[in-house]
Amino acid sequence: MKKLSLYLVLLAIIAQSCTPSSTETEVKTTAAQIELRVSNYPLQFLAETIAGSDATVKRIRNSETLPVDSITAIQQAGLIFINGATYEKWTMNVSLDEQKIINTTQAFESEYLSSGETFTHSHGDEAAHSHEGTAYMAWLELGLFNQQALAIKDALVKTYPNQKATFEANYSELSKNLMELHEQFLAMAPAAKQLNFAFSHPVYQYFGQSYGLSGESFHWEPSDEMDASHEADFKELNEIKKIDFLVWEGEPSAETRQTLEGWGAKSIVINPSWGPSDAGDYLETMKKNLEELKVIQD
Amino acid sequence: MKDSLFLAWKYLQFNTGKTLILIFSVSLVLFIPMGLNLLTNQGAKSLTERAEATPLLVGALGSPTDLNLSTLYFKAPKSDQIPYSEVQAIQSENLALPIPLNLQYSVKTQPIVGTGLSYLDLRNLKVAEGRPFATLGECVLGSEAAEILGVRVGESVISSPAGAFDIAGSFPLKMPVVGILAPNGTADDQAVFTDVKTTWVISGIAHGHDAINEDTADSLLLSKGENQAVASAAILSYTEITPENIASFHFHGNSADFPIDAIIAVPKDKKSELMLRGRYEAEGLGVQMLVPSEVMEELLATVLSVRNLIIAAALIIGIATLIILGLVFKLSIRLRAGEIQTMKKMGAASGKIREVLALEILITLSISIGLSLGYTLILNQFGLPLITSFLS
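Protein chains in written order, with this note's numbering: chain A, 1 to 298; chain B, 1 to 392.
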């Protein structure tokens, strides 16, 4: 009888140890099963760097309407990273699981800058109102961009906790690179504040505020030829405050550079990183932007 | 025994009318408490299951029962709506998944449920035909809603005005049906599901129209300044959202202020649930959070106590009926004195006569019990759906 009891106890212990615990039966997500959507290239860079190259990261076209096929594909993604700050035109027109949408600029939404007055409308039964638009290109300011990276990392860790170590390591490396570059840009600020800038487009609000570049914006394309209307716009601003540098999004022609130098302003190119550039990925593009900016020290 | 049974059966057969009356009256007396018990248990089970599948509810201050039943069965609660900022508040707490519900509108007799895709996941609602809604304006129908409205995937439904005297209060919107859900056996089968933003279009908070800018004709505007314009009623809103005009749809105001009727909060775990409930109970946030299963339990306790009273009354009536039945049999035996005498003269012992009479009663009661069980089985199968369709 005693032997039988002993055998039964042993059997029970063996049976218990063979029964998988709830954590052992949990399906562990591998990197290859991570499917992410992002709303622009800089976020794609962040997501790919932090999640690793095995994760699938796809960009959502930023238009007011998205094809239904795209929306149903986006609905299947594990996480959807958006820029916020009014960048995305499609968010109010589509049905997505709100839990999956991560606004990467939400942590600093109190620091959003204005993009200037916009034309608004109201209807007869509402009070008339106007308001300023919101500048969204926070990704050009590396300190803020690092915060966007942090938001992505935190969301990935929360959603795929078994990959936490990978995400933390990747983020740590990335953050170190971003902040080092940020410090180098900040070091340019004292020199930049001594000068007056104009911008080809109003896309440098955050960049300008942090790195000391202040000035007004035109709506000029790098391919524009400097004609009489350009000259009139330039001179109007130049009379208020002499323009030392014109900041372009892309390389202007040699003639444009020459014309502007004739008007008293030098041209520099700060690539807004809408996509990968000739220099390479986002980080390489920003390094090239830094080199370009160093011209102001001369 | 067999011969006694034969005699008893033949007597009952001969007096068909009397036998049938006795059988049906006894079966009904037995059925009433059983049927009532069954119906209330079935109803309670259905209500309880639905409530238990809904972890937490947030809504305006007021009657918890009204909020509970309205939200679970898609009737607009009688209390005020709450702002969408409550959804954002729960989201920022990171303790639960908030699922908004806007229940103000309907398509004819079928309620429109403005919510998110998470609701379909919560209720495990599968799309049997088509796909879930993807863009503003699209809708997905419950299986019964599709049948009642007579629409298929690819067709459209139009939202009904909020009320006969509220013609200008909401904007009838033509919504394409992109999916039909598999039957679920719950109130979800009756609903028209769409994104909560679509219900804001119906309410007029969002709309689409031709662009209003610096070039808009003055005849369409009440006023125009350097940076803003006030549109007149001549600017007509679109009554249908199409791929061609969806880009023109926009919202006026801050989404945090947009109205909803309730929020289903799905906590991450028990600790998160307790923290969330504690926050809402302690901080007087201007909204209430309730646990649907607890509110339902209280409601059912009231219903069941009423049921118990009715069953007790039915039992008393049943006992009275059985006493009267006993009297009927006794009187019947007296009336059959001649018949009983004949049996004695034929050589039947007193015991045998009592056996025959007892078997008559037993057969009557057995058939009555059998019938009442039969009624109960039929009620079990068809009762609740019949009552639901009768009430609706």
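Worth flagging that the hints you see were computed from the coordinates, not collected in a lab.
Keep in mind the model is a prediction, meaning the values are calculated, not measured.
Note that beta-carbon positions come from the ideal geometry of N, C-alpha and C, so glycine has one too.
Check the hints yourself; a few may be wrong.
[As the list claims (entries may be wrong)] BS3-like, lysine-lysine: derived pairs with alpha carbons at most 25 Å apart: (1) B/78 / B/126; (2) B/18 / B/45; (3) B/18 / B/330; (4) B/271 / A/100; (5) A/58 / A/158; (6) A/164 / A/193; (7) A/294 / A/266; (8) B/126 / A/100; (9) B/268 / A/158; (10) B/270 / A/158; (11) B/270 / A/100; (12) B/18 / B/2; (13) A/100 / B/10; (14) A/164 / B/18; (15) B/10 / B/330; (16) A/89 / B/174; (17) A/100 / A/89; (18) B/108 / A/164; (19) A/158 / B/108; (20) B/344 / B/10; (21) B/2 / B/271; (22) A/288 / A/266; (23) B/45 / B/345; (24) A/288 / A/193; (25) B/344 / B/2; (26) B/270 / B/2; (27) B/345 / B/330; (28) B/174 / B/75; (29) A/164 / B/270; (30) B/330 / B/2; (31) B/10 / B/352; (32) A/193 / A/241; (33) A/235 / A/288.
[As the list claims (entries may be wrong)] Ranges of calculated distance between the beta carbons of each label pair, as one might list FRET restraints: (34) B/36 / A/58: 56 to 64 Å; (35) B/42 / A/86: 46 to 54 Å; (36) A/106 / B/155: 50 to 58 Å; (37) A/110 / B/268: 41 to 49 Å; (38) B/128 / A/221: 31 to 39 Å; (39) B/253 / A/221: 29 to 37 Å; (40) A/67 / B/254: 24 to 32 Å.
Status of the hints after comparison with the structure:
1. Between residue 78 of chain B and residue 126 of chain B, the direct Cα distance comes to roughly 31 Å. Violation of the 25 Å bound is thereby established for this hinted pair.
2. Simply put, residue 18 of chain B and residue 45 of chain B have alpha-carbon atoms about 40 Å apart, too far for the 25 Å limit, and the pair is violated.
3. As the CA atoms of residue 18 of chain B and residue 330 of chain B are separated by approximately 14 Å, the hinted pair is consistent with the 25 Å bound.
4. Proposed proximity of residue 271 of chain B and residue 100 of chain A is supported: the alpha carbons are some 22 Å apart, at most 25 Å.
5. For a cut-off of 25 Å, the pair hint linking residue 58 of chain A to residue 158 of chain A stands: about 20 Å separates their Cα positions.
6. A threshold of 25 Å between alpha carbons decides the hint, and for residue 164 of chain A with residue 193 of chain A the separation of about 42 Å lies outside it, so the pair is violated.
7. Taking the CA atoms of residue 294 of chain A and residue 266 of chain A, the gap is near 13 Å; set against the 25 Å cutoff, the hint holds.
8. This hinted pair checks out: residue 126 of chain B and residue 100 of chain A have alpha carbons roughly 20 Å apart, not beyond 25 Å.
9. Between the alpha carbons of residue 268 of chain B and residue 158 of chain A the distance comes to roughly 12 Å, so the proposed pair stays at or under 25 Å and holds.
10. Pair hint residue 270 of chain B plus residue 158 of chain A holds up; C-alpha atoms about 18 Å apart against a cutoff of 25 Å.
11. Taking the CA atoms of residue 270 of chain B and residue 100 of chain A, the gap is about 22 Å. The hint holds against a cut of 25 Å.
12. Our distance criterion of 25 Å between C-alpha atoms is met by residue 18 of chain B and residue 2 of chain B, whose separation comes to about 23 Å.
13. Simply put, residue 100 of chain A and residue 10 of chain B have alpha-carbon atoms about 77 Å apart, too far for the 25 Å limit, and the pair is violated.
14. Our distance criterion of 25 Å between C-alpha atoms is broken by residue 164 of chain A and residue 18 of chain B, whose separation comes to about 82 Å.
15. Of the pairs offered as hints, the one joining residue 10 of chain B and residue 330 of chain B holds, with about 19 Å between alpha carbons and a cut-off of 25 Å not exceeded.
16. For the given pair, residue 89 of chain A sits about 23 Å from residue 174 of chain B by alpha-carbon distance, which is consistent with the 25 Å threshold.
17. Restraint check for residue 100 of chain A and residue 89 of chain A: the C-alpha separation of about 18 Å stays at or below 25 Å, so the hint holds.
18. With a CA separation close to 51 Å, the supplied pair residue 108 of chain B and residue 164 of chain A exceeds the 25 Å bound.
19. Distance restraint check for residue 158 of chain A and residue 108 of chain B: the Cα-Cα separation of roughly 43 Å exceeds the 25 Å cut-off, and the hinted pair is therefore not satisfied.
20. For the given pair, residue 344 of chain B sits about 18 Å from residue 10 of chain B by alpha-carbon distance, which is consistent with the 25 Å threshold.
21. Taking the CA atoms of residue 2 of chain B and residue 271 of chain B, the gap is about 70 Å. The hint is violated against a cut of 25 Å.
22. With a C-alpha separation of about 18 Å, the suggested pair residue 288 of chain A and residue 266 of chain A falls inside the 25 Å cut-off, and the hint holds.
23. Distance restraint check for residue 45 of chain B and residue 345 of chain B: the Cα-Cα separation of roughly 61 Å exceeds the 25 Å cut-off, and the hinted pair is therefore not satisfied.
24. The straight-line distance between the Cα atoms of residue 288 of chain A and residue 193 of chain A is roughly 21 Å, inside the 25 Å bound, and the hint therefore holds.
25. For a cut-off of 25 Å, the pair hint linking residue 344 of chain B to residue 2 of chain B stands: about 18 Å separates their Cα positions.
26. Between the alpha carbons of residue 270 of chain B and residue 2 of chain B the distance comes to roughly 66 Å, so the proposed pair goes past 25 Å and is violated.
27. Between residue 345 of chain B and residue 330 of chain B the alpha-carbon distance is near 21 Å, which keeps this suggested pair within the 25 Å criterion.
28. With a C-alpha separation of about 21 Å, the suggested pair residue 174 of chain B and residue 75 of chain B falls inside the 25 Å cut-off, and the hint holds.
29. Between residue 164 of chain A and residue 270 of chain B, the direct Cα distance comes to roughly 24 Å. Compliance with the 25 Å bound is thereby established for this hinted pair.
30. Proximity of residue 330 of chain B to residue 2 of chain B is assessed by CA-CA distance (about 24 Å); at most 25 Å being required, the pair is judged to hold.
31. The hinted pair formed by residue 10 of chain B and residue 352 of chain B meets the criterion: a straight-line CA distance of about 16 Å does not exceed 25 Å.
32. Simply put, residue 193 of chain A and residue 241 of chain A have alpha-carbon atoms about 13 Å apart, close enough for the 25 Å limit, and the pair holds.
33. For the hint linking residue 235 of chain A to residue 288 of chain A, the alpha-carbon distance of about 30 Å lies beyond 25 Å, and the restraint is violated.
34. Separation of residue 36 of chain B from residue 58 of chain A is about 59 Å and conforms to the stated range, judged on CB atoms against 56 to 64 Å.
35. For residue 42 of chain B paired with residue 86 of chain A, a C-beta distance near 53 Å keeps the hint of 46 to 54 Å intact.
36. A hinted range of 50 to 58 Å for the beta carbons of residue 106 of chain A and residue 155 of chain B is inconsistent with their spacing of about 40 Å.
37. Between residue 110 of chain A and residue 268 of chain B the CB atoms are about 27 Å apart, so this pair departs from the stated range of 41 to 49 Å.
38. At about 52 Å, the beta-carbon gap between residue 128 of chain B and residue 221 of chain A misses the expected band of 31 to 39 Å.
39. The supplied range of 29 to 37 Å is met by residue 253 of chain B and residue 221 of chain A, whose beta-carbon atoms lie about 35 Å from each other.
40. Checked against the hint of 24 to 32 Å, the pair residue 67 of chain A and residue 254 of chain B passes, with Cβ atoms roughly 29 Å apart.
Of the hints listed earlier, those the structure fails to meet are numbers 1, 2, 6, 13, 14, 18, 19, 21, 23, 26, 33, 36, 37, 38, in rising order.
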